[in-house]
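Colleague: Based on the sequences and whatever the hints tell you, model everything.
Under my numbering, the first residue of the sequence shown carries the number 1, and numbering increases by one thereafter.
Read the hints as simulated data drawn from the structure, not as lab findings.
There could be a bad hint or two in this list.
List of simulated lysine to any residue pairs, SDA-like, C-alpha gap at most 25 Å [as the list claims (entries may be wrong)]: (1) Lys95 to Gly70; (2) Lys112 to Lys67; (3) Lys133 to Asp68; (4) Lys67 to Thr77.
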Amino acid sequence: MIASTLRAAVAAPAFARCASASAARTAVAPRSCYNAAVAARTRTFASSSYQLARRFTKEHEWADLDKDSGVATVGITLHAANQLGDIVFVELPKKGTQLEEGAPFGTIESVKAVSELYAPLSGTIEAINEELKDDPEVVNSDPDGE
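Modeller: Pasting the structure below:
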């Protein structure tokens, strides 16, 4: 988990669409996934509960927005953590910093590369994950912040 909490000033339109009540709790595999013997049957699968609430960006960041409090928890995906390799440094903004959706808000450095972190939504930083200052490798072992 990168930043512990972010108070969402305005949810991004795409984020709001994804978080709407019309979001499906099950998904149907496309017909192209089936062989001829099972093409007539419809198969569904359920996502794990955190994925139902979690929304992802193209840049491999995620945000969990608590609709009641307006506070979001943000981080990077497992895929991003794996692509970066061993994380050696994370630079995050200070509490109270205003973020704009899609704008860079920090950096994450690994033995392979330095990458910018992009805000998945607009808001004000309420708190950051202080553990990352002394132990940035926690991103590799727990990018989902479980």
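Colleague: Now tell me, hint by hint, if it's right for this structure.
Modeller: Going down the list of hints, with the structure as the test:
1. This hinted pair checks out: Lys95 and Gly70 have alpha carbons roughly 16 Å apart, not beyond 25 Å.
2. For the given pair, Lys112 sits about 37 Å from Lys67 by alpha-carbon distance, which is inconsistent with the 25 Å threshold.
3. Restraint check for Lys133 and Asp68: the C-alpha separation of about 30 Å exceeds 25 Å, so the hint is violated.
4. For the hint pairing Lys67 with Thr77, the CA-to-CA distance comes to about 21 Å; that is within 25 Å, so the pair holds.
In summary, the numbered hints that this structure violates are 2, 3.
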